[in-house]
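Student: Listed below are the residues making up each chain.
Number of protein chains: 2
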Amino acid sequence: MRESILTVIVTWLGACGLFAAKPNFVIIFCDDLGYGDLSCFGHPTIHTPHLDRMAMEGQKWTNFYAAASVCTPSRAGLMTGRLPIRNGMCSNKRRVLFPDSAKGLPTSEITLAKALKQGGYATAAVGKWHLGHMPEYLPTAHGFDSYYGIPYSNDMDRLAGTGPKNGRSALMHPRSEYWNVPLMRDTAILERSPKQEYLTRHYTTEAVTFIKEQATNASPFFLYLAHSMPHVPIFASGAFQGSSHAGRYGDVIEEIDWSVGEIVRTLREADLADNTVVVFTSDNGPWLPFKTHGGSAGHLRDGKGSTWEGGMREPTVVWGPGYVQPGIVHELGSTLDLFPTFLDLAGIELPGDRVYDGGSLAPVIAGRGPSPRNDMFFYHGEDLYAVRVGEYKLHFVTKTEYVGQKPLRHETPLLYHLGNDPSEKFDIAAEHPQVVAALVKHAETHQASFDPPESQLMARLPRND
Amino acid sequence: MRESILTVIVTWLGACGLFAAKPNFVIIFCDDLGYGDLSCFGHPTIHTPHLDRMAMEGQKWTNFYAAASVCTPSRAGLMTGRLPIRNGMCSNKRRVLFPDSAKGLPTSEITLAKALKQGGYATAAVGKWHLGHMPEYLPTAHGFDSYYGIPYSNDMDRLAGTGPKNGRSALMHPRSEYWNVPLMRDTAILERSPKQEYLTRHYTTEAVTFIKEQATNASPFFLYLAHSMPHVPIFASGAFQGSSHAGRYGDVIEEIDWSVGEIVRTLREADLADNTVVVFTSDNGPWLPFKTHGGSAGHLRDGKGSTWEGGMREPTVVWGPGYVQPGIVHELGSTLDLFPTFLDLAGIELPGDRVYDGGSLAPVIAGRGPSPRNDMFFYHGEDLYAVRVGEYKLHFVTKTEYVGQKPLRHETPLLYHLGNDPSEKFDIAAEHPQVVAALVKHAETHQASFDPPESQLMARLPRND
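From first to last, the protein sequence lines are chains P and H. Residue 254 is where the first sequence starts when you use my numbering, and the numbers rise one by one after that. Residue 254 is where the second sequence starts when you use my numbering, and the numbers rise one by one after that.
Mixed in with the good hints, there may be bad ones.
Since the list can't tell identical chains apart, any single copy or any two copies may satisfy a pair.
[Unchecked claim] Simulated pairs of lysine-lysine, DSS-like, Cα-Cα distance not exceeding 25 Å: (1) K678 with K544; (2) K678 with K694; (3) K659 with K678; (4) K465 with K275; (5) K694 with K367; (6) K346 with K678; (7) K659 with K346; (8) K659 with K448; (9) K465 with K678; (10) K694 with K346; (11) K678 with K367; (12) K694 with K448; (13) K346 with K465.
Worth flagging that the hints you see were computed from the coordinates, not collected in a lab.
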């Protein structure tokens, strides 16, 4: 009886965040997953029972943003808690890093892994990195004890002389051998051109193995599992091929859902579920020009690369029975907030020598208070295209990526109310001049507050020819 | 102990549909609700906790169709289990009934209420009817013991000399007094121009009262609760005004969600939950031209009036702890199937003197088998615009209602795969000529199988001036 009371008290303390033990953290990060691609976010044909259950037992966030609308800047934002414009991880010319890129996330940046490691955490990165593939930029140089995965996108390093000459055709009828991407362990290349059918499965095995190892360790852990899928070329492994109602793209998402289920099952079986917080989200919206090989932003406008909502708002699930108050969360959040959130939950002080672009979501996760976030800046490369404050979003420049539109600068910015118009259909700038003025000022104040450094994305390696 | 075993057996028999007691039925039917308007169907800002819970405890149907894309024919289909083209309840000129319409659902038709009443059911209709407001067509002439509600749409009977001259402006800035619609009990008019703010609440009170009365009756019951909302003009009552994150439209949906919660609560408190099947759906998709006063079809294309998916696929929840195997259902279903489904569950034989356009979904509801439905016909008025067989949908004619497009007949019909392309974006007719041919033949066979009778929707009452 005394033991059960103790259990109740400890659980309650844990739920209140007052319990001294540091929680474990798992981030499951997809690549190009659309806001509308999960069943619990309204997809009519893709089955995601594991994520649906997590959303039910935990929190489904409907206003959660990636830090940018393409890979590299988005991941830089998540890893540093800072807008990519602050550390050169964006560019108007090369929007992401490529296999010929010479640089990566500056070593002067403190990653989430580094901060947690300094706080006593075991850390592992599995999957896509895309913050620099030269040794000094790899995960193991940025606070992770170990790394297994592909250091950039799975459609990079196209091998000349393989498959269709047309790159797009190769992507829509893909075979792994068309690409020379390296699969790495720590700083070594394990193989080139790995069978991409097995990426999700291999990543899952690595992640599960890491969690099992941690079960007997005294220290808490941070696992960053960044899937390569559903970025084109999309691949699913044997059992999932042709298994969904939604074609190849559906197969791929359903395999990711299976993988999520394996992670949660492992946490439960290792008796770690009550002391772990899992965040599932993605780096940016669906790559719409790839049609049935791209996902869906559901209610939201446009997709990957865009500063319309479909480019940056992500289907996000936060799960952890010991920490998370179940429910649907309409508060604003961002991957930019994960850095301060995890440090807060772990009782680690935020570094005081730099500006952070987020705050701790711990009160929202515990169901104890509102989000510290009331705004979001939407950068397109180095340019600020839009700003959200509360339910209002103001677009200075729009560029509908789906149709390959050129940037369109608006003399009078476009204003949308994302509450009653989540699809950004009805410009209400004319009716709300004061809101427009306030958001213009908010953006100006933000931009005047710092000088962006030189971009890291332009430097190239010497050519080998 | 013996009692509890008995309870288990009875419950099991009930779950198998072998238990002799006839289940009660409740249909909650919305007006112009979009596929994407509920939280459990992906809406980012509208809260629908009661429906979310029902979807979790019961079945969320993602491929469930209204019988037509506008009010009158859709309701005729639900009530008779027959396509409106079979009984004159559609027209190319007047797509629905109006206050000056002289006719309605032919008395030769057997409604679901009539069939259940003959099988011993108590029957009640609450809300919008729209199958004829002359005495011989009202619910009480069509098998319902009682009726309370508005006999046609809440935007009809515009009162001259009230509010903005422009009808659209009146609808977007509405007051109840702009319309002369009658609120009826049985065949009598209770009042004209009722305060529409209270419609959802009054309908709910009527429905709750009816259920409570049935609790002590030996006979089973059928309640048809057809909300007037969210058809424009949209209204919510006091507590819901301004309460949602999604503006006035969100307030209205959240009041409907509250109402659904009241129905379920009443069923539970009256100990009827285990012997009742509740179906929640709507008559057609969102009325998109009304912008923030119209809903969202989410992933689906176009809205009300259209034979694109957004016009006829509806967010559907089937709930009933004693009968419904929980889960997400991707099988095809339609309001056309409710007639044979309910008769099947009640052990009543289907009338043998006429053709029905659906089958019993009882096996799907019980989780015991597939849906009998493998096709769907999409009529626009009296014309067949599209046909679905399995995952394929073929459009002979398209007309995007949202932009007021004229009908566009396609020399080569457009083919879509609704599994991997639920948004009907990518025409694949050229790649699948055999599928096109098979669907063309399916449509031709269907159309050759009957001669449509004269439309009921054209006859007008003599004018009173």
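Student: Now tell me if each hint is right for this structure.
Tutor: Hint-by-hint comparison with the structure:
Taking CA atoms no more than 25 Å apart as the test, K678 paired with K544 passes in both settings, with 22 Å inside one copy and 8 Å between copies. Proximity of K678 to K694 under the C-alpha cut-off of 25 Å is restricted to the intra-copy arrangement: shortest distance 24 Å within a copy versus 39 Å between copies. When the C-alpha separation of K659 and K678 is checked against a cutoff of 25 Å, the pair qualifies both within a copy, at 19 Å, and between copies, at 22 Å. Proximity of K465 to K275 under the C-alpha cut-off of 25 Å is restricted to the intra-copy arrangement: shortest distance 18 Å within a copy versus 52 Å between copies.
Neither within a single protomer nor between protomers do K694 and K367 lie at most 25 Å apart by alpha-carbon distance, with minima of 35 Å and 65 Å respectively. In this homomeric assembly, K346 and K678 never come within 25 Å of each other (Cα to Cα): the closest approach is 29 Å inside a single copy and 31 Å across copies. Only within a single protomer do K659 and K346 lie at most 25 Å apart by alpha-carbon distance; the minimum there is 14 Å, versus 43 Å between protomers. Proximity of K659 to K448 under the C-alpha cut-off of 25 Å is found in neither arrangement, the shortest distances being 37 Å within a copy and 50 Å between copies.
In this assembly of identical chains, the alpha carbons of K465 and K678 never lie at most 25 Å apart, being 48 Å within a copy and 44 Å across copies at closest. For a Cα distance limit of 25 Å, the shortest separation of K694 from K346 qualifies neither inside one copy, at 27 Å, nor across copies, at 53 Å. Within a single copy, K678 and K367 get their C-alpha atoms no closer than 42 Å, and across copies no closer than 45 Å, so neither meets the 25 Å cut-off. Taking the shortest alpha-carbon separations for K694 and K448, neither the intra-copy value of 51 Å nor the inter-copy value of 43 Å comes in at or below 25 Å.
For a Cα distance limit of 25 Å, the shortest separation of K346 from K465 qualifies neither inside one copy, at 43 Å, nor across copies, at 68 Å.
Of the numbered hints given earlier, the model fails hints 5, 6, 8, 9, 10, 11, 12, 13; all others are met.
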